[in-house]
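2 protein chains.
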Amino acid sequence: MTQPLVLGIDIGGTNTSFGVVNRRGEIIAKGSMPTTGHDTVEDYFTAMKQVLAPLIDGFGKENINGVGIGAPNGNFFTGEIVFAPNLPWRGVIPVVKTVGEALGLKTTLTNDANAAAIGEMMYGAAKGMKDFILVTLGTGVGSGFVANGQMIYGHDGFAGELGHVIAVRDGRKCGCGRSGCLEAYASATGIVRTANEWLDQRNTDTELRANKGKITAKLIHEAAAKGDLFALELFDFTAKILGQTLADMVAITSPEAIIFFGGLAQAGDLLLKPVHKYMEENMLNIFQNKVLLLQSALPDADAAILGASALAW
Amino acid sequence: MTQPLVLGIDIGGTNTSFGVVNRRGEIIAKGSMPTTGHDTVEDYFTAMKQVLAPLIDGFGKENINGVGIGAPNGNFFTGEIVFAPNLPWRGVIPVVKTVGEALGLKTTLTNDANAAAIGEMMYGAAKGMKDFILVTLGTGVGSGFVANGQMIYGHDGFAGELGHVIAVRDGRKCGCGRSGCLEAYASATGIVRTANEWLDQRNTDTELRANKGKITAKLIHEAAAKGDLFALELFDFTAKILGQTLADMVAITSPEAIIFFGGLAQAGDLLLKPVHKYMEENMLNIFQNKVLLLQSALPDADAAILGASALAW
Chain B
1 MTQPLVLGID IGGTNTSFGV VNRRGEIIAK GSMPTTGHDT VEDYFTAMKQ VLAPLIDGFG
61 KENINGVGIG APNGNFFTGE IVFAPNLPWR GVIPVVKTVG EALGLKTTLT NDANAAAIGE
121 MMYGAAKGMK DFILVTLGTG VGSGFVANGQ MIYGHDGFAG ELGHVIAVRD GRKCGCGRSG
181 CLEAYASATG IVRTANEWLD QRNTDTELRA NKGKITAKLI HEAAAKGDLF ALELFDFTAK
241 ILGQTLADMV AITSPEAIIF FGGLAQAGDL LLKPVHKYME ENMLNIFQNK VLLLQSALPD
301 ADAAILGASA LAW
Chain S
314 MTQPLVLGID IGGTNTSFGV VNRRGEIIAK GSMPTTGHDT VEDYFTAMKQ VLAPLIDGFG
374 KENINGVGIG APNGNFFTGE IVFAPNLPWR GVIPVVKTVG EALGLKTTLT NDANAAAIGE
434 MMYGAAKGMK DFILVTLGTG VGSGFVANGQ MIYGHDGFAG ELGHVIAVRD GRKCGCGRSG
494 CLEAYASATG IVRTANEWLD QRNTDTELRA NKGKITAKLI HEAAAKGDLF ALELFDFTAK
554 ILGQTLADMV AITSPEAIIF FGGLAQAGDL LLKPVHKYME ENMLNIFQNK VLLLQSALPD
614 ADAAILGASA LAW
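So the protein sequences, as listed, match chains B and S. With the working numbering applied, the first sequence covers 1 to 313. With the working numbering applied, the second sequence covers 314 to 626.
Calculated directly from the structure, the hints in this document are not laboratory data. Since the model is a prediction, treat every value here as computed from it, not as a measurement. Don't take each hint at face value.
No more than 35 Å apart at the CA atoms, straight line, and that leaves these computed lysine-lysine pairs for DSBU-like [unchecked claim]:
| id | chain 1 | residue 1 | chain 2 | residue 2 |
| --- | --- | --- | --- | --- |
| 1 | B | K226 | B | K212 |
| 2 | S | K531 | S | K553 |
| 3 | S | K525 | S | K553 |
| 4 | S | K586 | S | K527 |
| 5 | S | K553 | S | K443 |
| 6 | B | K106 | S | K443 |
| 7 | B | K277 | S | K486 |
| 8 | B | K277 | B | K173 |
| 9 | B | K97 | S | K443 |
| 10 | S | K410 | B | K290 |
| 11 | S | K419 | B | K173 |
| 12 | S | K486 | B | K290 |
| 13 | B | K290 | S | K586 |
| 14 | S | K539 | S | K603 |
| 15 | B | K290 | B | K130 |
| 16 | B | K130 | S | K525 |
| 17 | B | K173 | S | K531 |
| 18 | B | K130 | S | K531 |
| 19 | B | K130 | S | K410 |
| 20 | S | K553 | B | K173 |
| 21 | B | K30 | B | K290 |
| 22 | S | K603 | B | K240 |
| 23 | S | K531 | S | K586 |
| 24 | S | K443 | S | K343 |
| 25 | S | K525 | S | K443 |
| 26 | B | K30 | B | K218 |
| 27 | B | K173 | S | K443 |
| 28 | B | K273 | S | K486 |
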């Protein structure tokens with residue numbers, strides 16, 4: 001007796017991980033390969049085929065329902081990765097066409113945040129929900145908005161750029177060239193940036209000072225967990241900006257829950273409690289005390305594979 | 314030969330208008346009654362039945378597919394009007410239950426902005442569009458967000474409160490009790506408020522000064538159309554705040570078009586040209602030069618009835 005399976009592929013800046021997943025969201029085989037180190041994108045896809053073809057044959061191609069791929073700037077409609085700043089290749093990469101033809105399986109692509117949202121809906125914290133927002137707090141801030149049980153891709157497939165909503169008018173410069181984007185504050189890199197700025201401006205005593213220049217979101221999280229006031233204030237500041245912006249997002253899609261995913265979300269209540277407080281303080285009264293803030297329920301290491309795989313059902 | 318018909322009812326603060334509408338969006342009979350002047354909400358509904366029952370009988374109840382009602386704070390899910398500040402009644406009004414039972418027809422309710430969005434999709438500027446935003450610029454700012462061809466009602470039916478997105482952090486006081494809402498700037502009342510503030514602060518020569526205290530959005534529009542620099546600057550200021558906020562909304566739902574409806578939208582290009590400019594200036598590069606800004610294509614006087622009627626199909 002065979003069970004229906006899908007193949008999930010997560011194309012990250014450094015590694016590409018993949019797994020064969022069943023309906024219950026169990027990964028029954030997995031592996032990874034480097035994303036970098038290939039001379040051309042064609043070489044990368046050739047290497048991918050060499051790894052994946054035997055895996056697929058092992059389960060029997062007829063048992064694999066399809067391939068789901070999550071990638072930065074992956075476009076669901078065109079099947080292309082479009083100008084992804086964190087990947088080694090420039091321009092437009094026809095992922096669905098190339099991988100689909102190489103593997104001979106129906107292939108679907110979306111960006112990593114949308115993949116995570118679909119993963120949460122299939123196997124995670126959003127099971128049974130029809131209206132929610134998934135927010136990824138990693139190197140950048142990404143998001144997937146689900147309404148009426150469907151992912152909002154928008155007219156061109158690029159919807160859900162929460163990270164580039166202007167959170168602070170005329171604020172900090174963002175990698176996108178504009179100023180004050182949420183991503184410049186509420187990402188793992190954003191909170192580190194705040195930490196370094198404050199260390200320059202203040203004499204506050206904090207264990208983070210010893211790591212100046214090498215601070216990470218994880219170090220801030222660890223310091224805050226030990227009660228370091230400077231680190232706690234960093235979370236409070238970051239949470240205020242995130243909470244204010246989320247209050248505005250709630251006014252638009254009125255979600256049942258907002259689910260947090262990614263490195264900075266690992267901080268859990270240290271981040272989510274103040275985010276919740278500021279979101280409620282800034283919210284229109286009809287939305288108050290309704291929206292759940294949840295952490296991702298996808299197992300950490302496998303979340304990206306599960307998210308990508310969920311696309312293929 | 315009979316054609317399928319629906320009944321559209323628009324409950325406004327002063328008048329309730331209604332019409333019998335065919336599939337092509339033609340109003341083949343219409344009328345209105347006062348919303349105010351009834352001792353109780355029950356009296357209002359009794360008066361409504363006295364007016365509508367003969368109209369329905371005239372066309373034959375069997376030919377009327379249903380009743381669509383647009384009302385401020387109308388909730389699609391519960392069929393209730395919930396705490397509408399501009400209606401004469403307080404609290405929760407079970408509109409769908411009351412009207413549905415009184416008329417013996419399937420009845421659907423939504424807020425006026427959502428009704429307008431559905432109207433544009435059925436008969437107007439959004440025909441054939443699956444992803445768009447309708448923005449009403451009237452006494453307040455309302456909105457209807459459509460994604461994947463479906464209205465976004467959100468988990469509780471209250472989605473689409475664009476007017477209460479914070480456009481100016483710590484800005485002007487809004488009727489909702491918070492500060493800096495888009496509605497406090499970009500509505501017909503918002504632009505009048507700006508005009509009055511500026512007239513107090515400046516000595517600029519403008520034909521509006523003669524009307525101080527009695528300024529309306531229409532007067533500002535007329536002055537701007539004649540080239541009054543003060544009035545043009547009012548449009549520019551209002552457009553900047555609206556354009557900035559819309560750029561953020563585009564990042565979330567990536568619409569094909571944004572359609573403007575309501576009193577202030579009558580200003581047409583005087584408003585929409587600068588809105589477009591500021592929206593583009595503030596937009597993430599992947600969204601630039603893609604989103605159409607359009608004026609409502611529903612005939613003015615009948616737009617609300619058509620919007621409400623579209624719900625009933």
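Going down the list of hints, with the structure as the test:
With a C-alpha separation of about 18 Å, the suggested pairing of K226 of chain B with K212 of chain B holds against the 35 Å cut-off. About 19 Å separates the Cα atoms of K531 of chain S and K553 of chain S, which keeps this hinted pair within 35 Å; it holds. As the CA atoms of K525 of chain S and K553 of chain S are separated by approximately 24 Å, the hinted pair is consistent with the 35 Å bound. Distance hint between K586 of chain S and K527 of chain S is fulfilled; the C-alpha atoms sit about 27 Å from each other, no more than 35 Å.
Proposed proximity of K553 of chain S and K443 of chain S is supported: the alpha carbons are some 27 Å apart, at most 35 Å. Of the supplied pair hints, the one linking K106 of chain B and K443 of chain S holds, its CA atoms being roughly 25 Å apart against a limit of 35 Å. Restraint check for K277 of chain B and K486 of chain S: satisfied, since their Cα atoms lie roughly 21 Å apart, inside the 35 Å limit. Restraint check: the Cα-Cα separation between K277 of chain B and K173 of chain B comes to about 26 Å, which is no more than 35 Å; the hinted pair holds.
In summary, the hint linking K97 of chain B to K443 of chain S is supported, as the alpha carbons are separated by about 26 Å, within the 35 Å threshold. Restraint check: the Cα-Cα separation between K410 of chain S and K290 of chain B comes to about 25 Å, which is no more than 35 Å; the hinted pair holds. For the suggested pair K419 of chain S and K173 of chain B, the alpha carbons sit about 54 Å apart, so the restraint of at most 35 Å is broken. In summary, the hint linking K486 of chain S to K290 of chain B is supported, as the alpha carbons are separated by about 24 Å, within the 35 Å threshold.
At roughly 38 Å between alpha-carbon atoms, K290 of chain B and K586 of chain S are farther apart than 35 Å, so this suggested pair is violated. Only pairs whose Cα atoms come within 35 Å are accepted, and K539 of chain S paired with K603 of chain S is accepted, the gap being roughly 31 Å. Taking the CA atoms of K290 of chain B and K130 of chain B, the gap is near 15 Å; set against the 35 Å cutoff, the hint holds. The straight-line distance between the Cα atoms of K130 of chain B and K525 of chain S is roughly 50 Å, outside the 35 Å bound, and the hint therefore fails.
Among the hinted pairs, K173 of chain B with K531 of chain S is inconsistent with the structure: their alpha-carbon atoms are about 39 Å apart, more than 35 Å. A hinted pair counts as satisfied when its Cα atoms are at most 35 Å apart, and K130 of chain B with K531 of chain S does not qualify at roughly 42 Å. Under the criterion of a C-alpha separation no larger than 35 Å, the hint pairing K130 of chain B with K410 of chain S is consistent with the structure, at around 25 Å. Using a Cα cut-off of 35 Å, the hinted pair K553 of chain S and K173 of chain B holds, with the two alpha carbons roughly 20 Å apart.
The suggested pairing of K30 of chain B with K290 of chain B is violated, with an alpha-carbon distance near 38 Å, which exceeds 35 Å. Under the criterion of a C-alpha separation no larger than 35 Å, the hint pairing K603 of chain S with K240 of chain B is consistent with the structure, at around 32 Å. A hinted pair counts as satisfied when its Cα atoms are at most 35 Å apart, and K531 of chain S with K586 of chain S qualifies at roughly 18 Å. Using a Cα cut-off of 35 Å, the hinted pair K443 of chain S and K343 of chain S holds, with the two alpha carbons roughly 30 Å apart.
For the hint pairing K525 of chain S with K443 of chain S, the CA-to-CA distance comes to about 44 Å; that exceeds 35 Å, so the pair is violated. Distance check on the hinted pair: K30 of chain B and K218 of chain B sit about 26 Å apart at the alpha-carbon level, within 35 Å; holds. With a C-alpha separation of about 34 Å, the suggested pairing of K173 of chain B with K443 of chain S holds against the 35 Å cut-off. For the hint linking K273 of chain B to K486 of chain S, the alpha-carbon distance of about 27 Å falls within 35 Å, and the restraint holds.
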